[in-house]
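Asks: With the hints as extra help, turn the sequences into a complete structure.
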Amino acid sequence: MIKNDKKEVGMTLIVKTITRLTVGLILLFGIYIVLHGHISPGGGFAGGLIIALSFIHLMLAFGREAALKRLSEAKAAILESVGALLFLIIAVLGFTGGYFFLNFINKGKPFNLFSAGIIPLCNIAIAIKVGVGLFSIFIVLVILQEDRKE
Amino acid sequence: MLELQLLLLFMIVGAIIAVEVKDMISSVIAVGAVGLGLSLAFLILKAPDLAITQLIAEILCLIILIRATLKKDLPLVRDGRWFFNTFSTLCFITVFLGFAFLVLKDIPPFGVPTMKIAREVLSCSLDKTGATNFVTSVILDFRAFDTLGEATVLFCAVMGVATVMRKTGRKKTKI
Amino acid sequence: MSVYFLCLVLFSIGLYCVLRKRNIIKIIIGIAIMEYAINLFFILIAYRWQGRAPIMAQGREILGMVDPIPQALILTSIVIGLSVLALLVGIALRIFDKYNTFDITKIKRLKG
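Protein chains in written order, with my numbering: chain A, 1 to 150; chain H, 1 to 175; chain V, 1 to 112.
In short, the hints are calculated from the structure, not lab data.
Only pairs whose alpha carbons sit at most 27 Å apart, straight line, appear in this in silico DSS-like list of lysine-lysine:
hint	chain 1	residue 1	chain 2	residue 2
1	H	Lys-22	V	Lys-106
2	H	Lys-22	V	Lys-21
3	A	Lys-107	H	Lys-128
4	H	Lys-116	A	Lys-107
Replies: Dropping the structure here:
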């Protein structure tokens, strides 16, 4: 996946191989936690943290370029605003039926994946917001400091 | 609740080690032990959502704190008023714990919460929201304003970190 | 009752660390410990004897759930605590850049 060219970036070969195997599973688990937030333990906050952890895992093992190639700083800034705005838009759409944060979609049958009205949509918005926000905190703490030294 | 008391004692020992040990890396690892013990305590107290979130947050917290300890600097000098300062701090903490012991008699005893609002939520949440996880239905439906404020605070924190750690300072512009 | 008191002892250890230590990273660690104690106190108040987690199961009725409202409040508080911790670490690193020390008694210069 990532070529080891002249300068060795990141950690050793063992860590890189294990990361290559597990990072996709961690991301998938985060998405599962987010989507099933309304019928099982989990939800937007826990799922968003797991998604952020998968990107940070990638960055710690392969160096900064590998993670920034998948989610650059500009994209992270845009995505975080999109998450916040999505949450606000869902809230404002409640005015179509009466008041702020009205659960205006059909509730559906309990224990199904597509149920509970706006709650899964809000979970997705919060997961984008929390995950990308923590990832950008990490970018700023680690990478900008390195840049200043060079 | 013997297991809970043992877990709390473990957390207290971990916190004392984290405060008193001289090596910074050991101190950060001890904080990690306290946080993982807290995650187990949430699981014993029947809060699985919080256990998951605390587990992940603790890992990220460890990464951030280890990033901070890379700078080697150990100010551990004892100045002349060491005894006086420690004594006054301990006196303050003793007074705090004494008043807390007096006040704790008046809050509901452990294991018997006053569930005035919660009874309402538990009885009609399934009809009103359709979500079977009641914690999610509280944070995203009944108290969604709270979550909106939390999103704002998180946004402000990210902006604050980006501002504090920016690459170049602002140059003075000549008029 | 003793559980509440042990939780407050954990809080006062964090308070001692904040009041007495001179290293900024130690002070941040103390703030983190205090935050853990506060989160735990809320959940201890919400617990109920022989309680069950507040999640319904398919096909059977679950009686005696614990109080879900403090859990919902703390769920947001954990994430806020993490981001505030990152902000504190950022400020501490910037102080180290400027003054070249973590000792709070040596940070006296206002300018320059």
